[in-house]
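Peer 1: Here is how the chains run, residue by residue.
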Amino acid sequence: MLRFVVRRLIVLVPIVLGVSVLSFLLLYLIPGDVVDILMGTESGDPARLAEMRKLFGLDQPVLVRYATWLGDLLHGDLGRSFVTRRPVTAEILTAFPVTLQLTVAALVVALMVGVPLGLLAAVKRGSLGSAALGGLVLVGLSVPNFWLGILLILFASLYLHWFPPQGLLLVWQQPLEAVKQLAFPSLALGLALAAMVMRMTRTCVLEVLAQDYVRTARAKGLAERGVIGHHALRNALIPVVTLVGLQFGYLLGGAIVIEEIFSLPGMGRLVLRSIAQRDYPLLQGILLVGGTTIVLLNLWVDICYGLLDPRLRR
Amino acid sequence: MASSTPVSVDSAGVSGDAGRRPALRRLPSFIGVVLVAALAVIALAAPLLVGADPLAMNPRARFAPPGAAHPLGTDQFGRDILSRVVYGTRISLGVGVGSVAISLAVGLALGSVAAMREGVVDDVVMRTMDVLFAFPAILLALAFVAVLGSSARNVVLAIGLVYIPVFARTVRAALLTVKHREFVEATRALGRAELSTYARHVLPNALAPILVQASLSISTAVLAEAALSFLGVGTQPPTPSWGGMLSESRAFMEVAPWTAVFPGTAIMLAVFSFNLLGDGVRDYLDPRLTNL
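Protein sequences appear in the order of chains P and F.
Counting from 1 along the first sequence, just add 1 to a position and that's the residue number in the numbering used here.
Counting from 1 along the second sequence, just add 18 to a position and that's the residue number in the numbering used here.
In case anyone wonders, no lab produced these hints; they're calculated from the structure.
Positions of the beta carbon are idealized from the N, C-alpha and C atoms, including for glycine.
Some hints here could point you the wrong way.
[To be verified] Covered stretches of chain F (chain P as the covering partner; in silico rule of three or more C-beta atoms under 8 Å from a C-beta of chain P):
{"no.": "1", "segment": "92–103"}
{"no.": "2", "segment": "146–152"}
{"no.": "3", "segment": "266–277"}
{"no.": "4", "segment": "286–296"}
Please build the complete structure, drawing on both the sequences and the hints.
Peer 2: This is the structure in structure tokens:
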């Protein structure tokens, strides 16, 4: 197992480096440079511009600048925001927990809705109810999460006369308020994944139910509930959990839109702010953190899967 | 793709009831074909289908509810929502098909080089794809559009770039499966050139999963365009786009809910249609996947 983990870590290094290169080089695609952006229309005096370029290290070759940036990065320094002048690391550390709790809440919604319905669709295979659940999956996959979010807000304000609490609320600080705030956003974000989980659970349970050991369990007189609960569902959940882990990136992307709709102060709002204000160091930092998070999460899923299925360790 | 949308992952199973009659099994695919054809007709014949100019403002008809004069109502500028939804089909389908064409073309080239060359070339190409794959798709697309500038053309480019790894991986996997089969080895033994073997024997036999991926990816691209326009970095106003219309509706949805309901329904229907079509293409080209 250790060799498997070490091998995966070695593969990871060039990918993380690649993520850092892409995040860094993105700034070079912008017409002009950082000084042009900061000075805007004031950029008149060439001597002052040259001085500023020197100050930002823009007179250095790209490789030197990347090495400096990477060196700072290893010390936890992602530079400073053009707009707030706060360290990018501090900005991200404030916003990241909000996004993290939203994505985890959406994962919980996806599993709580998707697994029971998927199991039901498998057990009732061939029935009208199963076909209806199949249709529900296609609809779930087709509803844009931002539209669902808007409809939920509309429903809450027009019919329930209820508005979720606003501001920075973290589950580990104000659990009740945070749960109230996350209820609709997590539903909007988690529904499409719930449809996927449902489809995957159905497929996997059907596969497991066709196995010889399930027939043996039935033959020795085990009750159907025991067959489904102890054998079918337990084995079918391994690929489902893997799927959910690998879709974390989709949820992180979706969180950008959902946070904007529900005014949650997470990474999504931060990225939109960085784009609107052309705050490129901030955008660079968000890209780096977003990419690295996904890479590390994929590693974690790989390791979990390796633990569960020894054949994959080879 | 860690960051892909759910549509592209394991779409098998919905039509997977092996016991159903063939005609009944093909019904969802047929509906998908009809709906996509209808969307294409709407996009192409938009001026013939709706009389009202989608950009024409009418301050006297602001927030008119759905009725005889305006079947889907009007927005905050008195613009006809039906007309804007119909013209919005052009943007959604254009971006969807255009970005998938870019992803497919570049992914086909990169995946083919990786599969046919193998070794170091394969490693370099696929590790580069892994890097692109690492980012949440919408985040990377946002970053590309932020750098390139907001316009429909740049949205096509950004979405196209983001989904290249999906196609590069699919193409590589499909080609590697075919490349080592006996009939391909036989053509090599006969002395046929590598390029000719690829073009005449390997690629044609590996097309099924690539076409399935392409058809399923259009719905993903339609959703991505709507999301980018919704966030204000996609198609710019006053050009009618479904995501942009939804974004504008947020300020007025309590007084005029129809401004939010109809563009959202259009996005959902378009994505639903392409999902059904994608499932149909998969069932037709690769029936083994149907009963997974």
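Peer 1: All the hints need checking, so say for each whether the structure fits it.
Peer 2: Outcome of the hint check:
1. 92–103: violated (count 0)
2. 146–152: Per the Cβ count (5), the hint holds.
3. 266–277: holds (count 5)
4. 286–296: holds (count 6)
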